[in-house]
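Q: Residues per chain are reported as follows:
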Amino acid sequence: MLSNMLGSKNMTEKDWNNLLDTALPDVEKEMEASPFDTKLSFNMADDARKVINGKLNIKDFHKKYHSKLMREFGEEVGQDFASGADDDSTATDGVKWGMVIDLRKCVGCDTCTVSCKAENRTPPGISYNVVLEQEIGDFPNVAKVNLPRPCMQCEKPSCVQVCPTRATFKLDNGIVTIDNDRCIGCRYCIVACPYGARSFDFGESYEDEMLGYNDVTSPEYGIERGERKPGKTPIGTVRKCNFCLHRLERGEEPACVETCVGDARFFGDLNDPNSTVSKLSKSPRAFRLKSDLGNGPNVIYLK
Amino acid sequence: MATTAVAAPKVKVKEKQSKRFKLWIGFLLLLFFAGGYFIVERLVQGLPVTNLSSITPWGAWIAFYIFFVGLSAGSFLLSTLIYVFGMMEYERIGRMALFTAIVCMIVALTFVLMDLGRPERMLNAIIYWNVTSPLAWEVHFYLVYIALLTTELYIAMREDLVRLAGTPSLKGKIAKWLTFKNSPINESTKKRDHKWMKILGTIGIPLAILGVHGGTGTIFAVVQARPSWNTGLFPVIFVVSAMVSGTALLLAMYIIKKKATRQKIDHGMVVSLAKMMVAFLFIDLGLQFYEYLVGVYGLEHHHLEGLGTMMGSAYSWSFWGVQMFLGAAIPTFLVFYKKTSKNVNALLTAAILIVIGIIGVSFNIVVPAQIVPLFEGFPAGDYFPTFNEWMVSIGIAAMGLLIYTFGEQLLPIEEIQSPEKSEG
Ligand code: SF4
Ligand code: SF4
Numbered sequence: 180m181l182s183n184m185l186g187s188k189n190m191t192e193k194d195w196n197n198l199l200d201t202a203l204p205d206v207e208k209e210m211e212a213s214p215f216d217t218k219l220s221f222n223m224a225d226d227a228r229k230v231i232n233g234k235l236n237i238k239d240f241h242k243k244y245h246s247k248l249m250r251e252f253g254e255e256v257g258q259d260f261a262s263g264a265d266d267d268s269t270a271t272d273g274v275k276w277g278m279v280i281d282l283r284k285c286v287g288c289d290t291c292t293v294s295c296k297a298e299n300r301t302p303p304g305i306s307y308n309v310v311l312e313q314e315i316g317d318f319p320n321v322a323k324v325n326l327p328r329p330c331m332q333c334e335k336p337s338c339v340q341v342c343p344t345r346a347t348f349k350l351d352n353g354i355v356t357i358d359n360d361r362c363i364g365c366r367y368c369i370v371a372c373p374y375g376a377r378s379f380d381f382g383e384s385y386e387d388e389m390l391g392y393n394d395v396t397s398p399e400y401g402i403e404r405g406e407r408k409p410g411k412t413p414i415g416t417v418r419k420c421n422f423c424l425h426r427l428e429r430g431e432e433p434a435c436v437e438t439c440v441g442d443a444r445f446f447g448d449l450n451d452p453n454s455t456v457s458k459l460s461k462s463p464r465a466f467r468l469k470s471d472l473g474n475g476p477n478v479i480y481l482k
Numbered sequence: 041m042a043t044t045a046v047a048a049p050k051v052k053v054k055e056k057q058s059k060r061f062k063l064w065i066g067f068l069l070l071l072f073f074a075g076g077y078f079i080v081e082r083l084v085q086g087l088p089v090t091n092l093s094s095i096t097p098w099g100a101w102i103a104f105y106i107f108f109v110g111l112s113a114g115s116f117l118l119s120t121l122i123y124v125f126g127m128m129e130y131e132r133i134g135r136m137a138l139f140t141a142i143v144c145m146i147v148a149l150t151f152v153l154m155d156l157g158r159p160e161r162m163l164n165a166i167i168y169w170n171v172t173s174p175l176a177w178e179v180h181f182y183l184v185y186i187a188l189l190t191t192e193l194y195i196a197m198r199e200d201l202v203r204l205a206g207t208p209s210l211k212g213k214i215a216k217w218l219t220f221k222n223s224p225i226n227e228s229t230k231k232r233d234h235k236w237m238k239i240l241g242t243i244g245i246p247l248a249i250l251g252v253h254g255g256t257g258t259i260f261a262v263v264q265a266r267p268s269w270n271t272g273l274f275p276v277i278f279v280v281s282a283m284v285s286g287t288a289l290l291l292a293m294y295i296i297k298k299k300a301t302r303q304k305i306d307h308g309m310v311v312s313l314a315k316m317m318v319a320f321l322f323i324d325l326g327l328q329f330y331e332y333l334v335g336v337y338g339l340e341h342h343h344l345e346g347l348g349t350m351m352g353s354a355y356s357w358s359f360w361g362v363q364m365f366l367g368a369a370i371p372t373f374l375v376f377y378k379k380t381s382k383n384v385n386a387l388l389t390a391a392i393l394i395v396i397g398i399i400g401v402s403f404n405i406v407v408p409a410q411i412v413p414l415f416e417g418f419p420a421g422d423y424f425p426t427f428n429e430w431m432v433s434i435g436i437a438a439m440g441l442l443i444y445t446f447g448e449q450l451l452p453i454e455e456i457q458s459p460e461k462s463e464g
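Protein chains in written order, with the working numbering: chain A, 180 to 482; chain B, 41 to 464.
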């Protein structure tokens with residue numbers, strides 16, 4: 180039967196699932212065999228999924244199951260569960276993506292810039308991420324400092340404030356995006372961004388150096404736009420770093436974080452007080468660029 | 041006998057005039073089509089034909105845009121001196137001022153259109169109005185403002201349109217079409233028109249000052265990222281510069297037109313307009329002085345660098361040469377020096393120089409602030425308009441002049457002299 184199905188090449192998702200189910204143990208039977216409550220376990224699993232999807236508040240979850248868990252597992256586990264609920268009372272709902280860049284670990288190799296260009300297929304003249312280099316001090320006491328600069332995904336972004344068409348806007352997860360199908364290309368946002376994080380797509384191309392460059396446009400925001408041709412979006416509009424939103428959606432870190440040679444970049448949820456980025460952002464070494472402007476960058480540097 | 045003797049030279053003058061007129065139209069059409077070629081090039085190829093970049097995203101077209109909005113606001117405010125404040129000594133240029141204001145707005149919006157990366161999406165700024173964006177507000181203000189100017193011009197011309205409606209010429213036909221069937225002129229309509237001119241003008245003053253030109257200044261002033269724009273005085277300077285350039289433009293246009301058509305020049309009005317123009321210029325310079333003084337005194341790195349770029353870099357010729365020397369020093373001298381202060385030609389030169397100076401001001405506003413790097417280590421901007429940018433600008437300006445010239449041919453923009461007042 181299996182060879183039959185493969186032969187027809189028409190395996191549907193259901194068929195694959197059935198195949199998998201025959202290999203897996205039956206969950207209901209397993210739970211029945213255990214000393215714990217089957218119904219409770221299924222309900223909790225269902226609701227836990229809802230919590231992850233943001234459809235159920237974690238506090239309601241705790242409230243709902245607290246007494247049942249106390250009955251099931253007794254004092255010890257139940258107490259842990261309750262105190263966990265207290266800890267989370269400070270957390271706000273949803274994620275807020277943030278990045279921490281440790282300037283002492285940055286070696287100025289520009290790998291982030293290159294991997295960003297490769298990941299987002301940015302045309303000539305556009306780099307979502309750049310590494311600013313500067314020599315400081317007087318000879319012979321000189322040092323080279325590097326400052327990697329992605330978009331800061333500001334808490335109060337100037338670009339969003341000034342955009343006449345609301346083509347650039349902030350997502351609930353903190354990332355500032357651009358609707359390239361709405362942008363009129365007035366470039367007010369470029370002028371207003373204090374971090375120089377935005378670029379205008381003039382329509383240039385690497386086609387001469389790189390065969391087939393025009394065959395695929397940027398995969399940003401996960402939108403497939405087909406061939407890169409004059410007059411086609413996003414040409415004539417504004418582009419910028421979006422923390423590799425398309426990668427985040429499939430559970431991957433931004434390309435620059437993943438490839439960083441010095442392991443200088445950290446990425447995570449700033450709303451979660453236990454995440455690495457939250458902890459690092461409270462370090463005494465932490466600072467934000469142009470903090471006097473009130474943009475509130477969500478990219479934090481460690482000096 | 042006597043009549044023919046008088047009539048003959050008149051015909052000759054007419055002939056000469058129409059020849060000049062044809063030359064003028066031909067010249068404008070030439071510029072317009074030359075510019076048109078580059079406009080098409082720009083629309084087909086997109087913005088790579090400019091020297092703009094992501095570091096200096098705004099350039100010549102934005103400078104011309106604010107320049108023409110300024111001319112418009114300035115001309116309109118001058119017209120309110122007549123229609124709202126009753127300074128009838130300037131009445132001769134009232135309609136001219138209103139019509140100039142409309143044409144300048146059309147030109148300004150064409151420049152914006154040229155500058156957009158996606159001109160075909162321009163209506164998005166209206167459809168998806170972002171209320172925190174000064175630019176979105178401006179687009180709305182401009183449209184209301186153009187509507188108001190058009191209504192006001194119509195009322196100002198109404199009586200002459202009615203008078204013209206009977207004549208068999210094209211002008212008469214248009215007038216007939218515009219006046220509808222039944223439009224009498226009598227004391228009560230005169231009163232009514234006068235009242236409406238005053239009401240519209242009064243609404244227009246805050247609209248032009250706060251909405252249109254102060255608002256255009258606000259587009260720049262709210263940008264915290266560019267300290268040399270980010271001051272409260274900035275929109276005020278915009279408005280005053282608009283008054284300077286608007287007055288200068290109307291003065292120049294009045295003199296040139298009267299000369300071209302060999303008509304009598306109202307000498308007293310010219311001299312007093314020139315004085316007014318220089319008075320506005322002084323207020324403008326005073327405000328700029330405080331603007332720079334406070335900027336320098338703050339010792340804030342970016343602000344200093346912005347001013348440094350404007351006044352002491354490769355770009356400074358535009359500040360010292362165009363804005364200060366041509367646009368301020370020479371005109372001031374011409375208007376106050378005894379030998380030139382009453383000379384129409386000298387005053388015409390002064391007015392033209394001031395208009396050129398304000399073009400310089402516009403460029404000095406837009407460009408230097410975008411040259412200064414945003415960070416240390418960030419590349420500095422480098423911008424000078426390309427040939428395409430210049431030609432497109434010339435084409436659009438020629439379009440404006442064409443609209444003005446034809447408008448003047450077809451509409452009674454110039455005061456028709458009522459028979460009892462006409463000079464023999
Ligand atoms: S860094 Fe610039 S582009 Fe990014 S969110 Fe802030 S203002 Fe916008
Ligand atoms: S260029 Fe596009 S995203 Fe930027 S302000 Fe204009 S419309 Fe908005």
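Hints were generated in silico from the structure; no laboratory data involved. Hints may contain errors.
[Stated by the list, open to error] Restraint ranges, calculated between C-beta atoms of paired labels, are given here:
(1) B:GLY272 x A:GLU403: 44 to 52 Å
(2) B:THR172 x A:MET389: 39 to 47 Å
(3) B:GLY352 x A:GLU403: 45 to 53 Å
(4) B:LEU250 x A:ASP317: 47 to 55 Å
Every value quoted in this text rests on a predicted model; they were computed, and no experiment measured them. Ideal placement from N, C-alpha and C gives every residue a C-beta, glycine not left out.
Q: Evaluate each hint against the coordinates.
A: Going through the hints against the structure:
The hinted window of 44 to 52 Å between GLY272 of chain B and GLU403 of chain A holds, with their beta carbons roughly 47 Å apart. Judged by the Cβ atoms, the range 39 to 47 Å given for THR172 of chain B and MET389 of chain A holds: they are separated by roughly 40 Å. For GLY352 of chain B and GLU403 of chain A, the hinted distance range of 45 to 53 Å is satisfied, since their beta carbons lie about 51 Å from each other. Here the CB-CB span from LEU250 of chain B to ASP317 of chain A is close to 51 Å, well matched to the stated 47 to 55 Å.
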